[in-house]
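Single-letter residue listing:
2 protein chains.
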Amino acid sequence: MAEMIRVPAEECRYLCSQAFERNGMLPENADRAVEQFILCDLLGIPTHGVLRLSHYIGRIQVGGINPKGEIKVDRKTSALAIVDGANTIGTVVASHAVDVGIEMARQSGIAFISVKNSNHFGANASFAWKACKAGMISMSGTNGGLTMPATGGKAQVVGNNPIGYGAPRKSGKHFILDFALSVQSRGKIRRAAELGEPIPEGWGLGPDGKDTTNAADVLQGFVLPVGGHKGYGMALAVDMLSGVLSGGAFSPHTKSQFFEANEPSGICHYFTFIDPEKMIGLDAFQDRLEEYCDWIKEQPAVDPNVPVRVPGERAADAYAENLEKGILVDANHHKRNQGLADGSVKGVIPKG
Amino acid sequence: MAEMIRVPAEECRYLCSQAFERNGMLPENADRAVEQFILCDLLGIPTHGVLRLSHYIGRIQVGGINPKGEIKVDRKTSALAIVDGANTIGTVVASHAVDVGIEMARQSGIAFISVKNSNHFGANASFAWKACKAGMISMSGTNGGLTMPATGGKAQVVGNNPIGYGAPRKSGKHFILDFALSVQSRGKIRRAAELGEPIPEGWGLGPDGKDTTNAADVLQGFVLPVGGHKGYGMALAVDMLSGVLSGGAFSPHTKSQFFEANEPSGICHYFTFIDPEKMIGLDAFQDRLEEYCDWIKEQPAVDPNVPVRVPGERAADAYAENLEKGILVDANHHKRNQGLADGSVKGVIPKG
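Top to bottom, those sequences are chains A and B. Position in the first sequence counted from 1, then plus 2, gives you this note's numbering. Position in the second sequence counted from 1, then plus 2, gives you this note's numbering.
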């Protein structure tokens, strides 16, 4: 078992920024990139936090990501823009797009940003959180490496394209929703395969397109979309708003960050921001949202020891705890990140 | 078994408009309301088509819906508006909101409309279709009567809040997605209960909040959200964008169109429209979307006799067929609608 240790967020931030700067990023961009994945760790999403540093650095080192890519913003109207990520680190591209979008929404009440030529951007939750802190409602999504078949198909045609929603709450426990459009993550299926354990029906198909509970077969085959045709259609919609509408890469053209790590992955995202201040006023919106959340939490739970929750509350609790006690990191990963920061080890591309 | 007959869309349209006018609606509003639910029938969604006329008329007759409600548009910015439906028929309210939104998006590139004080609006697909015909990408959703519990809860806290996405295709077979956020509709569960048949695990919970395959128990209990916490969170997000953000009724305040039919239901919707012309140009967007759809359809199918599909193609095929041959209607319902049109029968509120 991995030994988990707590490391102050500030220390993780410093190490990661050092590693990016050492690999050619401008300090300003390195800090911005790191801010978003430290946020993932703080919010209790370690799968998208500092754990990823080695992969990202690895891709810079094999020439797949350009550490010096200059992000360009093409404003189409006062509420619409296309951001070209110039194939630099995805978290800095997305963070930049969020800043542009929030500024536009502050003026126009709403903004839609479609982003092309980016890379893996971590988790929607970290951008929703950033928007909430600015008093904005947000909706976002990203395309990604192909993992899912069409309904009735037996070829990978779309990624599990995660989506996110955020709304600012007065309590600071922001409403945050962030999930992939597959029933289950490949990570969980991989773990079952490693342990030789069966997986529940409905998680995936074998390479022949047939249902199976054999995890190894699913890894060779397909993960299934949540809700069947619902998740499949929604994953296409996400790619339509990001890959198709930005002029960037959509399913047939994206590259795998694992198997084609030395090529630009072409990943695309979208963000929508709405300023509640321009609708019924931020104050009124938040009072209503708080009433809603309070009402839900007053409802009876199936297990009285597990109270009903509202999306985002667990993340907000994790944020407070991790900020105070330090981020939970695998001791080996932390050591690896120290090596990436001082240049004594190289980044490693995971096997997918 | 019901005898299904084909009736020309024009004849259905005439009957429904007559029925609405006879019950106090202005001809212009009656036509607009009817246009949307005839569209549902044409698109192959008869559950949201002329079948509903009796229910809607019934609600007017018991004072739940105001046939003369005057819809008001409150423009907040050039891209944001709140529409007050004044408790008139939901399809006319939503149709009006769509027209406003499309016009705003034509100017600003994007528009977001939150709608309050409306009623059941039929199906998202009919509004997505309307937007596609105007060359617009659309996203929409509506809150509704409470049917689903929170994750881990045993009280109804949210509706199955259907969502829709649309994108115009050159072929006219528009990309249309429209689904409820429950695993299965109450309609299907009701049919199983009537037949005394068990339902699959995962469709619903009994009144005690425990899993059951007994359809009758689920009708007394809860239908489950698609993907568990994913569908639950998303249903809340839909209500946040419609009920909370419009200043209208959200979950604790909406009324059932079945059990509280004589009161305003307070249903709220939202619509987002994006003009692809303002992004990469409609032509380029459509060429890219067509390439995507063609590529998906070239992929191998699990059953070679059931080719892989793209969302909306079945609806577009149904549209062409039903327009040519007439809408498929239960003969008894058609007779009932004739009676509603000539005033010889009264509207009936279904039992939920």
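Bear in mind the hints are in silico, worked out from the structure with no lab data behind them. Each residue gets a CB set at the ideal place from its N, CA and C atoms; glycine is no exception. Among these hints, one or two may not hold up.
For each label pair, taking beta carbons as the anchor points, the in silico distance ranges come out as [what the hints assert, rightly or not]:
{"#": "1", "chain 1": "A", "residue 1": "ALA333", "chain 2": "B", "residue 2": "GLN222", "range": "26 to 32 Å"}
{"#": "2", "chain 1": "A", "residue 1": "GLU203", "chain 2": "B", "residue 2": "PRO254", "range": "33 to 39 Å"}
{"#": "3", "chain 1": "B", "residue 1": "GLU13", "chain 2": "A", "residue 2": "GLU203", "range": "27 to 33 Å"}
{"#": "4", "chain 1": "B", "residue 1": "GLU13", "chain 2": "A", "residue 2": "PHE260", "range": "26 to 32 Å"}
{"#": "5", "chain 1": "A", "residue 1": "PRO10", "chain 2": "B", "residue 2": "ASP213", "range": "42 to 48 Å"}
{"#": "6", "chain 1": "A", "residue 1": "GLU203", "chain 2": "B", "residue 2": "ARG8", "range": "39 to 45 Å"}
{"#": "7", "chain 1": "A", "residue 1": "VAL308", "chain 2": "B", "residue 2": "PRO254", "range": "19 to 25 Å"}
SDA-like mimics (lysine to any residue), calculated; alpha carbons at most 20 Å apart, straight line [claimed, not checked]:
{"#": "8", "chain 1": "B", "residue 1": "LYS78", "chain 2": "A", "residue 2": "ARG108"}
{"#": "9", "chain 1": "A", "residue 1": "LYS337", "chain 2": "A", "residue 2": "HIS57"}
{"#": "10", "chain 1": "B", "residue 1": "LYS175", "chain 2": "B", "residue 2": "GLY137"}
{"#": "11", "chain 1": "A", "residue 1": "LYS299", "chain 2": "B", "residue 2": "GLY283"}
{"#": "12", "chain 1": "B", "residue 1": "LYS156", "chain 2": "A", "residue 2": "ASP285"}
{"#": "13", "chain 1": "A", "residue 1": "LYS280", "chain 2": "B", "residue 2": "LYS78"}
{"#": "14", "chain 1": "A", "residue 1": "LYS78", "chain 2": "B", "residue 2": "GLY283"}
{"#": "15", "chain 1": "B", "residue 1": "LYS337", "chain 2": "B", "residue 2": "ALA322"}
{"#": "16", "chain 1": "B", "residue 1": "LYS156", "chain 2": "A", "residue 2": "LYS212"}
{"#": "17", "chain 1": "A", "residue 1": "LYS212", "chain 2": "B", "residue 2": "GLN301"}
{"#": "18", "chain 1": "B", "residue 1": "LYS78", "chain 2": "A", "residue 2": "ALA286"}
{"#": "19", "chain 1": "B", "residue 1": "LYS212", "chain 2": "A", "residue 2": "LYS156"}
{"#": "20", "chain 1": "B", "residue 1": "LYS257", "chain 2": "A", "residue 2": "LYS212"}
{"#": "21", "chain 1": "A", "residue 1": "LYS156", "chain 2": "B", "residue 2": "ASN307"}
{"#": "22", "chain 1": "A", "residue 1": "LYS156", "chain 2": "A", "residue 2": "ARG188"}
{"#": "23", "chain 1": "B", "residue 1": "LYS353", "chain 2": "B", "residue 2": "THR49"}
{"#": "24", "chain 1": "B", "residue 1": "LYS132", "chain 2": "B", "residue 2": "THR153"}
{"#": "25", "chain 1": "B", "residue 1": "LYS257", "chain 2": "A", "residue 2": "PRO254"}
{"#": "26", "chain 1": "A", "residue 1": "LYS299", "chain 2": "B", "residue 2": "ASP210"}
{"#": "27", "chain 1": "B", "residue 1": "LYS299", "chain 2": "A", "residue 2": "PRO254"}
{"#": "28", "chain 1": "A", "residue 1": "LYS78", "chain 2": "B", "residue 2": "LYS172"}
{"#": "29", "chain 1": "A", "residue 1": "LYS257", "chain 2": "B", "residue 2": "GLN301"}
{"#": "30", "chain 1": "A", "residue 1": "LYS212", "chain 2": "A", "residue 2": "LYS280"}
{"#": "31", "chain 1": "B", "residue 1": "LYS190", "chain 2": "B", "residue 2": "ASN216"}
{"#": "32", "chain 1": "B", "residue 1": "LYS78", "chain 2": "A", "residue 2": "ASP285"}
Now for the hints, and whether the structure bears them out:
1. For ALA333(A) and GLN222(B), the hinted distance range of 26 to 32 Å is not satisfied, since their beta carbons lie about 52 Å from each other.
2. As the Cβ distance of GLU203(A) to PRO254(B) is approximately 37 Å, the hint placing it in 33 to 39 Å holds.
3. A beta carbon spacing of about 47 Å between GLU13(B) and GLU203(A) contradicts the range 27 to 33 Å that was offered as a hint.
4. A hinted range of 26 to 32 Å is violated for the C-beta pair GLU13(B) and PHE260(A), which are about 58 Å apart.
5. Between PRO10(A) and ASP213(B) the beta carbon distance is about 44 Å. The supplied range of 42 to 48 Å therefore holds.
6. Distance hint check: the CB atoms of GLU203(A) and ARG8(B) are about 40 Å apart, consistent with the given range 39 to 45 Å.
7. Distance hint check for VAL308(A) and PRO254(B): the Cβ-Cβ separation is about 22 Å, which falls inside the suggested range of 19 to 25 Å.
8. Of the pairs offered as hints, the one joining LYS78(B) and ARG108(A) holds, with about 13 Å between alpha carbons and a cut-off of 20 Å not exceeded.
9. Proposed proximity of LYS337(A) and HIS57(A) is supported: the alpha carbons are some 15 Å apart, at most 20 Å.
10. A C-alpha spacing of about 13 Å is found between LYS175(B) and GLY137(B), which places the hinted pair at or below 20 Å, so the restraint holds.
11. The straight-line distance between the Cα atoms of LYS299(A) and GLY283(B) is roughly 46 Å, outside the 20 Å bound, and the hint therefore fails.
12. In summary, the hint linking LYS156(B) to ASP285(A) is not supported, as the alpha carbons are separated by about 31 Å, beyond the 20 Å threshold.
13. A C-alpha spacing of about 6 Å is found between LYS280(A) and LYS78(B), which places the hinted pair at or below 20 Å, so the restraint holds.
14. Using a Cα cut-off of 20 Å, the hinted pair LYS78(A) and GLY283(B) holds, with the two alpha carbons roughly 11 Å apart.
15. Between LYS337(B) and ALA322(B), the direct Cα distance comes to roughly 25 Å. Violation of the 20 Å bound is thereby established for this hinted pair.
16. For the hint linking LYS156(B) to LYS212(A), the alpha-carbon distance of about 35 Å lies beyond 20 Å, and the restraint is violated.
17. Restraint check: the Cα-Cα separation between LYS212(A) and GLN301(B) comes to about 16 Å, which is no more than 20 Å; the hinted pair holds.
18. A threshold of 20 Å between alpha carbons decides the hint, and for LYS78(B) with ALA286(A) the separation of about 15 Å falls inside it, so the pair holds.
19. As the CA atoms of LYS212(B) and LYS156(A) are separated by approximately 35 Å, the hinted pair breaks the 20 Å bound.
20. A hinted pair counts as satisfied when its Cα atoms are at most 20 Å apart, and LYS257(B) with LYS212(A) does not qualify at roughly 44 Å.
21. Taking the CA atoms of LYS156(A) and ASN307(B), the gap is near 13 Å; set against the 20 Å cutoff, the hint holds.
22. Of the pairs offered as hints, the one joining LYS156(A) and ARG188(A) holds, with about 17 Å between alpha carbons and a cut-off of 20 Å not exceeded.
23. A hinted pair counts as satisfied when its Cα atoms are at most 20 Å apart, and LYS353(B) with THR49(B) qualifies at roughly 15 Å.
24. A hinted pair counts as satisfied when its Cα atoms are at most 20 Å apart, and LYS132(B) with THR153(B) does not qualify at roughly 35 Å.
25. For the given pair, LYS257(B) sits about 46 Å from PRO254(A) by alpha-carbon distance, which is inconsistent with the 20 Å threshold.
26. A hinted pair counts as satisfied when its Cα atoms are at most 20 Å apart, and LYS299(A) with ASP210(B) qualifies at roughly 18 Å.
27. Between LYS299(B) and PRO254(A) the CA atoms are separated by roughly 12 Å; this keeps the pair inside 20 Å, and the hint holds.
28. Pair hint LYS78(A) plus LYS172(B) does not hold up; C-alpha atoms about 23 Å apart against a cutoff of 20 Å.
29. Between the alpha carbons of LYS257(A) and GLN301(B) the distance comes to roughly 18 Å, so the proposed pair stays at or under 20 Å and holds.
30. The hinted pair formed by LYS212(A) and LYS280(A) fails the criterion: a straight-line CA distance of about 50 Å is larger than 20 Å.
31. At most 20 Å may separate the alpha-carbon atoms for a hinted pair to count; LYS190(B) and ASN216(B) meet this at roughly 13 Å.
32. Distance restraint check for LYS78(B) and ASP285(A): the Cα-Cα separation of roughly 16 Å lies within the 20 Å cut-off, and the hinted pair is therefore satisfied.
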